[in-house]
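Asks: Listed below, chain by chain, are the residues.
There are 2 protein chains.
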Amino acid sequence: MNLFDFFRPKKPKSASVAKERLQIIVSHERRRSSTPDFLPQLQTDILQVVRKYIQINENQIKLSLDKRGDCEVLELNISLSESGKP
Amino acid sequence: MNLFDFFRPKKPKSASVAKERLQIIVSHERRRSSTPDFLPQLQTDILQVVRKYIQINENQIKLSLDKRGDCEVLELNISLSESGKP
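Protein sequences, first through last, are from chains A and B.
Residues in the first sequence are numbered consecutively from 1, following our numbering.
Residues in the second sequence are numbered consecutively from 1, following our numbering.
Do not take every clue at face value.
Repeated chains share a single entry, so a pair holds when one copy, or any two copies, can fit it.
[Claimed, not checked] Calculated lysine-lysine pairs in the DSS-like style (CA-CA distance at most 30 Å, straight line):
id, residue 1, residue 2
1, K19, K52
2, K67, K52
3, K62, K52
Derived by calculation from the structure, the hints in this document are not laboratory data.
I would like the entire structure built from these sequences, with the hints used as guidance.
Replies: Here you go:
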């Protein structure tokens with residue numbers, strides 16, 4: 001599992017793009033699969049706690065949930081615009 | 001800000017080390033510093049929601065909060081042992 005892949009910028013940064021951004025990556029390595037797969041539920045919970053601090057709309061959020069072997073990776077990318085200010 | 005640094009393994013993996021692991025990285029890029037710094041509080045909230053799904057003790061958690069320029073990065077590493085099973 002190469003976590004670097006998840007952090008490679010998708011496009012070049014510039015002063016006009018994504019002035020403020022919150023990125024959350026959750027990686028769950030389960031070699032023996034003894035713990036239930038809880039990342040889909042955790043995703044909802046994390047978004048809920050983030051909303052305590054910043055106002056975010058659904059269209060500001062990009063989500064992905066990926067499985068690679070024993071590793072499950074949840075990626076939350078939140079682009080904060082003017083409406084993201086508390 | 002090079003996020004790759006946070007994902008480089010600190011030591012080589014082996015079958016006997018960290019069979020199950022949960023890693024959470026939160027990166028907050030605040031170019032204009034208009035949003036308050038909420039990562040220290042978010043850290044507590046995230047641990048609280050993770051505890052809904054798995055039992056974790058304080059000694060299973062490694063936390064770090066780092067600032068580099070406009071970017072603040074919170075890293076939570078949770079090593080799950082037998083006691084981590086629900």
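Asks: Does each hint hold? Answer for all of them.
Replies: Tested hints:
Taking identical chains as interchangeable, the C-alpha atoms of K19 and K52 lie at most 30 Å apart only when both belong to the same chain, with a minimum of 21 Å there against 33 Å between chains. When the C-alpha separation of K67 and K52 is checked against a cutoff of 30 Å, the pair qualifies both within a copy, at 29 Å, and between copies, at 22 Å. Proximity of K62 and K52 under a CA criterion of 30 Å is satisfied in both settings, with 18 Å inside one chain copy and 24 Å between copies.
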